[in-house]
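Peer 1: Let chain A serve as the given structure and place chain B on it in line with the hints.
Quick note, the sequences are listed as chains A and B, same order.
Be aware that the first sequence starts at 1, since it is given in the UniProt record's numbering, and climbs by one per residue.
Be aware that the second sequence starts at 1, since it is given in the UniProt record's numbering, and climbs by one per residue.
Since the hints were made in silico from the structure, they are not lab data.
A couple of the hints might just be wrong.
What the hints assert, rightly or not - Have a look at the derived ranges for each label pair, beta carbon to beta carbon:
(1) B/Leu233 - A/Glu271: 55 to 65 angstroms
(2) B/Arg182 - A/Arg71: 49 to 59 angstroms
(3) A/Ser181 - B/Asp230: 26 to 36 angstroms
(4) B/Leu233 - A/Glu36: 23 to 33 angstroms
(5) A/Gly165 - B/Arg88: 51 to 61 angstroms
What the hints assert, rightly or not - Derived contacts from chain A toward chain B, CB cut-off under 10 angstroms, selection only:
(6) Pro229
(7) Leu233
(8) Leu265
(9) Ala273
(10) Ser278
(11) Ala279
(12) Ile296
(13) Arg297
(14) Asp298
(15) Thr299
(16) Val304
(17) Asp315
We put the beta carbon where it would ideally sit given N, CA and C, even for glycine.
Protein chains: 2
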Amino acid sequence: MQHIAVVGAGIIGLLTALELRRRGHRVEIRSIGVAEQATHAAAGMLAPTSEVQFGQHSLGPLMRKAASHHRALAAELGLRTEKPLGYRDTPTLVVGRDRSDLEALRLLAQEQCAAGAEVEELTSAQLRGRAPTLARHVAGAMLVPRDHQVDPRTLVAAVLDALTGPGRPGDGPPVPLTTGSRVASTDEIDADRIVLTAGLGTSAIDGPHRVLDLSLRPVHGDILRLHVPDSALLPGEDNLLDHTVRALVRGRPLYLVPRDGGLVLGATSREDAMTGASAGGVLTLLQDAAEILPAIRDTELREVTARARPGTPDDLPLLGPVPGHPDVIVSTGYHRHGILLSAWAAARTADLLEADPGAPPPAEMAGELAAVDPARFTTTSPLQEAS
Amino acid sequence: MQHIAVVGAGIIGLLTALELRRRGHRVEIRSIGVAEQATHAAAGMLAPTSEVQFGQHSLGPLMRKAASHHRALAAELGLRTEKPLGYRDTPTLVVGRDRSDLEALRLLAQEQCAAGAEVEELTSAQLRGRAPTLARHVAGAMLVPRDHQVDPRTLVAAVLDALTGPGRPGDGPPVPLTTGSRVASTDEIDADRIVLTAGLGTSAIDGPHRVLDLSLRPVHGDILRLHVPDSALLPGEDNLLDHTVRALVRGRPLYLVPRDGGLVLGATSREDAMTGASAGGVLTLLQDAAEILPAIRDTELREVTARARPGTPDDLPLLGPVPGHPDVIVSTGYHRHGILLSAWAAARTADLLEADPGAPPPAEMAGELAAVDPARFTTTSPLQEAS
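Chain A with its partners taken away, still in its complex shape (with noise of 0.2 angstroms):
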């Protein structure tokens, strides 16, 4: 058993904690506040397939990955709380506004399919069925019926119950999580390893990390929740979607989540210094939607959120050992995947913690852990390499 401090509590942070205790160690969480930055804004859907855009070659394989993560963790945290989990098996339709939107689509689910991705196209009859509500204008649809959903709220609060319950034979003891103050520096912390998983605020904790080039930037966005009401819907029905929908709007990507008797409108991308909602965000989003789901006009605006996601330069994650300190864990850069990859990280990040030093880590996982290699945005300066 080790003693691992846990500094960030987003799904990132939450999820190394759980999967850590599991696993029999003595943990311990430190962060300002609870899942309220990116985790609080993140629609939750888990599609490693919807998600992965043109050229993303060595995310596809990680979020597929990380996709059966989410199932494996599923079936852990069931043992651990009586809450509800926030899953939903939910399929997934991505839709082209225009003929070029759906050629688009069409081009990249060939390269989805070519991944080993189900996906499949639809007759506009298909469509229908599938999703009366869709304005009949949309030029077609692609179904992606294993990209799924969670909630990130409902989930959170699922981890937390787990973190802090009883546990199960052989779990490490129930986690302690202090908030309410940052922590400034790794040196406050008494611990055997630490585990940095404070978002775009890693960059701002003191500690060995601080030689590395993280290359963290923030990447706004805008996300808005939407309450259906009973005179929107027909006799029967209970949302007006029942599959997730992705959109292509003239170039532009919008996802529409049905939750709750909602919908979860997302995600603007902006790398523009407003940290606050965007009113162009916003009307882009709603006015877009509109164009797929005319009856949107109907519902009820319930939340208007805008979080930064942290990016990196290459879209993938940052995760591994700091060079020289391998008592410290990088674990940030999740940037719009944070959700789907957590379940991932968190096995990845207690596999690091169990290795044997001396050992070379298994081919996947090296493999993988290279292409997030936390130090590869790094140069090492003239300087550093002459002394």
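Peer 2: Below, chain B alone, put in the same frame as chain A:
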């Protein structure tokens, strides 16, 4: 000195209480909350000219008189509080998006000028000089120099301070506010006179006014509060607009009120059952506003508020004593004009309470009160006639 209970603490109740205190009466306020309903949402235009539409022949004179009451109120209020009053003499531009919108505005301006208002059509150069951020494609604009604004939230804070402060010589005692529970019946109230200013809630209170058919209905409105970041401004600017802009965008009205480095964008008028914010309403507001002021896309969406206004069949308020019960005054139904009409309503209510029951009211007051008679929608039933 009379002991008067005011039921309801929106802007109408608060200013009524202040006016009664100013006239030396002992006043108390009973309300579930303070300025949480329509007053919380209201933009606060004091726009007796540009708020009047075709055919509102009775409303126009009331609104012009009400604007002058606000000037008097500001003077009295300034004697009783150190807090900011929220008044600004921002002039108003009334903008037509296309030729047809502009033509409608010209016809309305003729009617407004005939009623004595000051309205002036601007050349495109004049418009550019006054509002350089407006889209070049707007068809034209009118200037209404004397349509001003007050920030309702600032005004409420000032009025609360004046109500509970020491007051001036001759004022009644400080006004106690009892909040947190709804007044179910006028029977609960021990006072000489009762003024019912509970907005839409007035009909739900039991009391002698229940013999009246007030015909109140909720007219839901969505309103947005936007912050203008420095990045959207040129050096030296502190907002995107110096003028209040009212616009007709292909027949749909909107307004943009500059305030505190931001803009208040409103407002929908929905006769539906949705008490929360309408996604369609928010979309339409942002879409239409972006046509008039493209830079609105660069603002931050800080607040989305939806509240119901107390509407009446003829858009005129309900102000007057309950027939046969001169001790109970109804004052509600101010619809979209609650802030503007509030100071006038407060003065008239005080006049009514101080009137000699035997003497006829002055002719001007009699004319005003006839138009807003709270019994005007009440048809006496045959049964009542027989009894």
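Peer 1: Now, for every hint given, state plainly whether the structure supports it.
Peer 2: How the hints compare with the structure:
Between B/Leu233 and A/Glu271 the beta carbon distance is about 20 angstroms. The supplied range of 55 to 65 angstroms is therefore violated. Separated by about 50 angstroms at the C-beta atoms, B/Arg182 and A/Arg71 satisfy the suggested range of 49 to 59 angstroms. Between A/Ser181 and B/Asp230, the C-beta spacing of about 31 angstroms keeps the proposed range 26 to 36 angstroms intact. Checked against the hint of 23 to 33 angstroms, the C-beta distance between B/Leu233 and A/Glu36 comes to roughly 30 angstroms, which is consistent with it.
Look at A/Gly165 against B/Arg88: about 56 angstroms separates their beta carbons, and that is inside 51 to 61 angstroms. With a cut of 10 angstroms, the hint placing A/Pro229 at the interface with chain B holds, because the nearest CB-to-CB distance is about 6 angstroms. Taking 10 angstroms as the C-beta cut-off, the interface hint given for A/Leu233 is violated, the closest approach to chain B being about 14 angstroms. This hint holds: A/Leu265 has a C-beta 8 angstroms from the nearest C-beta of chain B, less than the 10 angstroms allowed.
Against a cut-off of 10 angstroms between C-beta atoms, the interface hint on A/Ala273 holds, since the closest Cβ of chain B lies about 7 angstroms away. Nearest Cβ of chain B to the Cβ of A/Ser278: about 7 angstroms, under the 10 angstroms cut. The hint holds. The interface hint given for A/Ala279 holds, since its Cβ lies 5 angstroms from the closest Cβ of chain B, which is under the 10 angstroms cut-off. The closest approach between the C-beta of A/Ile296 and any C-beta of chain B is roughly 6 angstroms, which is under the 10 angstroms cut-off, so the hint is satisfied.
With its C-beta approaching chain B no nearer than about 3 angstroms, A/Arg297 sits inside the 10 angstroms limit, and its interface hint holds. With its C-beta approaching chain B no nearer than about 6 angstroms, A/Asp298 sits inside the 10 angstroms limit, and its interface hint holds. Interface hint status for A/Thr299: upheld, as the beta-carbon distance to the closest one in chain B is roughly 5 angstroms, under 10 angstroms. At its closest, the beta carbon of A/Val304 sits 6 angstroms from a beta carbon of chain B; the interface hint therefore holds under the 10 angstroms criterion.
Look at A/Asp315: its Cβ only gets to about 26 angstroms from chain B, farther than 10 angstroms, so that hint breaks.
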